[in-house]
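Visitor: Each chain, written out:
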Amino acid sequence: MIQDVNHPIIETHQLRRRYGRGEAAMDGLAGVDLTIRRGELVALMGPSGSGKSTLMQILGLLDRPTSGSYYLDGTDVSRLTTAEQAELRGRRLGFVFQGIYLLPRLNAIRNVELPMVYARFPASERKHRAADSLSRVGLAELANRRPNQLSGGQAQRVAIARAVAPGPDLLLADEPTGALDRASGREVLSLFQHLNDDMGLTIVVVTHDPLVGRHARRIVELEDGHVISDNIVNEAERIVADHPLEVVK
Amino acid sequence: MNAFSIALDSIWAHRLRSALTSLGIVIGVFAVVTLTSLGSGVRSYVSGQFGSFGATLITVAPALPHASSHKPRFGGGPNNNFINVPSTLTVGDATAISLAHSRDISQVAPVAVLPVTVSPTSGSSSGLAATGTTASYFRAEQLSFAAGRFTHSGAVLGSSAMHTLFPRVKDPIGRTIYVGQSPLPVTGVLNSASGLLSKAANNTIFVYVSTGLKISDLHNISEILVAASGNTQVNGAGSVITRVMKRRHPSGNFTVTKDTQILKTINNTLSTITTFLSGLAAISLLVGGIGIMNIMLVTVTERFREIGIRKALGARDSDILVQFLAESVLLSLLGGAIGVLLSALASHMIGQLAGFSAGLTLDAVALAVGFSLLVGIVFGVIPAFRAARLMPAEALRTE
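Protein chains in written order, with numbering that gives the first Met the number 0: chain A, 0 to 248; chain B, 0 to 398.
So that you can see chain A by itself, here it is in the shape it has in the complex (with noise of 0.2 Å):
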């Protein structure tokens, strides 16, 4: 995976995503400087409401900023239609949510096909990378079930296996956790570690569990649409991503 250092994967400059009209209009983002290096791991963190869902959502392109600049990888997104933004996500960016967004009625593998199709790569290359990618979650003899007949944990694994199959430059997780039990939120976080250290993917968390943050090697802090602190985490202070259990006893 060869990388443009030149200029950092995200950039943005005063942010803004107002929602209402009027005396009922509230800021999710009131103007978010935000820049994120390749192969940076990286935590949002804040209480809900703070907006680092919808800073999220507009870092992936599912959302439009009200005003303010975002530059993805040197290109600015915000002029692009909604035909190459759905280009770009399905290309460059990969998505895992809080909760099974899987769809129900396709198996596991054809789940993490689903954005190469749209992506239109040829059969052959889709099949073999979705199958890769399966091993690489540890899922490849789960290939046939459907979301129904996988476990919580399972499932968030198909999720991140479809969301790095492509190639991704950059996955986006949105409280990846939440819905899982704590041994399963474990496995998840070291699979994003493991995606982060030896393949240089770079991966923003939004979470509010101080666990995932510790994961993290940058805490960017949101209260009120603002940033209000961004932290480089001390390396001794990290969890080391293989024995997790030990600091946290």
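Among these hints, one or two may not hold up.
Stretches of chain A that chain B covers, calculated by requiring three or more beta carbons in the stretch to come under 8 Å of a beta carbon on chain B [said to hold, decoys possible]:
(1) 61–67
(2) 75–85
(3) 88–94
(4) 107–117
Chain A is nowhere near these chain B residues, computed Cβ spacing over 12 Å in every case [said to hold, decoys possible]:
(5) D8
(6) S9
(7) L22
(8) S43
(9) P182
(10) S191
(11) S215
(12) S221
(13) T259
(14) I289
(15) N293
(16) G369
Hints are computed from structural coordinates only; laboratory data are not their basis.
Every residue, glycine too, gets a C-beta built ideally from N, C-alpha and C.
Based on the hints, put chain B in the right spot on chain A.
Guide: Same frame as chain A, but now just chain B:
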């Protein structure tokens, strides 16, 4: 995994709802196809009835009063019913037409409807009609004799008339019937006629025209029946008749009507009725289409999350549009196919019962398929657009 297989899967996932949604289209297509098929079935049946004698008959009748500037009046005195036109046609007119010796004319028969009662005994009535004519009439109408023949002094019975007059008699030839006050011997019996227009002969007693006119004290005949020698001679025969009649009736108080014209009129009328009924049936297709739109709109709302996921994974607006459009088109095509099948069944059964073939016409099937495709697209577009235009964040927000 294209749009249509996604659509099929979604239809299959909601079997009951899909079936109920399609029902509107099923009924609409069924009604349209069945009615148009029946319409064309009836039309070809009617044409067939004429076709057995090639629609070669031409009728010369007195002009209706309104044609000779007398307006018909209704409900006044006893004699103002406009069908009861005072006729000026005579047996001589018929003779003149046949004396023209046109090669286009094969038969000429004067026809006199006799205002007399017919019965096996003197003074009673059987309700049967008596007609005075010549032997040409039977050849023109292609009526065949079961027994006996037509003579100047006897009577010939239609097949039903025979049963009415002589219920338990096998061979009535030689028996006497009373036409008006005159006793006449029965000299012939006709085979039963099945043609649409020759059926009337079954209930008729035929006597020689001059005998009949004398019995009922009439001078004029009701009409002249002319048979052209073939389909292509009808127009030639018509102009010969008109020329002869114009010479004998300069006032023009007669009409010349070709069976082909009647056929055309009947066909036009049937077409109009069929179109009208199909139009009514098409309204139910419209209602069915609105039903599909309704369900699709509900489906879109219900599937916000799915749409959100697909968009997050890189689906373009057009991918979503095509997916939902495919679903509504498939639903309505499915309904259309079932409707066509049902109406094939119905047309077959009706054909069996009514005794004429009412097979599906290709037109009707093409119309139905085209129409249900149109319904699917027209009523699927709005929901599909709603789904496609959804912002992914908005779609994902609904849990």
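Visitor: With reference to the structure, classify each hint as holding or not holding.
Guide: Structure-based check of all given hints:
no.: 1; hint: 61–67; verdict: holds (count 3)
no.: 2; hint: 75–85; verdict: holds (count 3)
no.: 3; hint: 88–94; verdict: holds (count 4)
no.: 4; hint: 107–117; verdict: holds (count 6)
no.: 5; hint: D8; verdict: violated (6 Å)
no.: 6; hint: S9; verdict: violated (8 Å)
no.: 7; hint: L22; verdict: holds (24 Å)
no.: 8; hint: S43; verdict: holds (49 Å)
no.: 9; hint: P182; verdict: holds (90 Å)
no.: 10; hint: S191; verdict: holds (66 Å)
no.: 11; hint: S215; verdict: holds (86 Å)
no.: 12; hint: S221; verdict: holds (77 Å)
no.: 13; hint: T259; verdict: holds (63 Å)
no.: 14; hint: I289; verdict: holds (27 Å)
no.: 15; hint: N293; verdict: holds (23 Å)
no.: 16; hint: G369; verdict: holds (31 Å)
The structure fails to meet hints 5, 6 from the earlier list, while all remaining hints are met.
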